[in-house]
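From just these sequences and the hints, can you work out the full model?
The numbering used here numbers the first residue of the sequence shown as 242 and each following residue consecutively.
Derived by calculation from the structure, the hints in this document are not laboratory data.
Here the structure is a predicted model, which means the values were calculated and not measured.
A hint or two may mislead.
Unchecked claim - Dumping the calculated DSS-like pairs for lysine-lysine here, alpha-carbon to alpha-carbon at most 30 Å: (1) K360 - K314; (2) K364 - K314; (3) K314 - K267.
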Amino acid sequence: MKKTGIVLMVIIMFVSLIPLSSAKGKAEIYEAENGLLQGVDEASTVTGYSGDGYVTGFDEDGDALTITVHPTKEGLYQINIRYNAPNGPKQANLFVNDISVGTVDFTPTHSFTEMVATKAILKKGANTIRIDKGWGIL
Numbered sequence: 242m243k244k245t246g247i248v249l250m251v252i253i254m255f256v257s258l259i260p261l262s263s264a265k266g267k268a269e270i271y272e273a274e275n276g277l278l279q280g281v282d283e284a285s286t287v288t289g290y291s292g293d294g295y296v297t298g299f300d301e302d303g304d305a306l307t308i309t310v311h312p313t314k315e316g317l318y319q320i321n322i323r324y325n326a327p328n329g330p331k332q333a334n335l336f337v338n339d340i341s342v343g344t345v346d347f348t349p350t351h352s353f354t355e356m357v358a359t360k361a362i363l364k365k366g367a368n369t370i371r372i373d374k375g376w377g378i379l
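So, in structure tokens, the structure goes:
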């Protein structure tokens, strides 16, 4: 188990996809704790999460969360992240299908908040969304 200077960091609860085509569909929600966790932990001590918990502990280089999403058709999607950042602003690196799409700025919060992370063209079938530690302890 990793030691951290701050017990509660940014905690990521889920990633959702919203189709941006003319025939808008329902958002698809992917729970973070069901993704591939690299150096991060699943937790459930902070209330307000959905699913089985949330992911926390983005405090070392290489820490990452990868979620595989499965859109039913190719198109432009809005990618939202629901998070909680009670200890000040943080930043993470965001990748879609192993291509950097920039950084995500997490503003301070005191409860779970959903934000638009980016828009990306996703292919039909399996696509990966990866969040890597940026600056600050997430």
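Tested hints:
1. K360 - K314: Given that 30 Å is the threshold and the Cα spacing comes to 15 Å, the pair holds.
2. K364 - K314: Holds - the C-alpha atoms of K314 and K364 are around 7 Å apart, at most 30 Å.
3. K314 - K267: At roughly 13 Å apart (the allowed maximum being 30 Å), K267 and K314 satisfy the hint.
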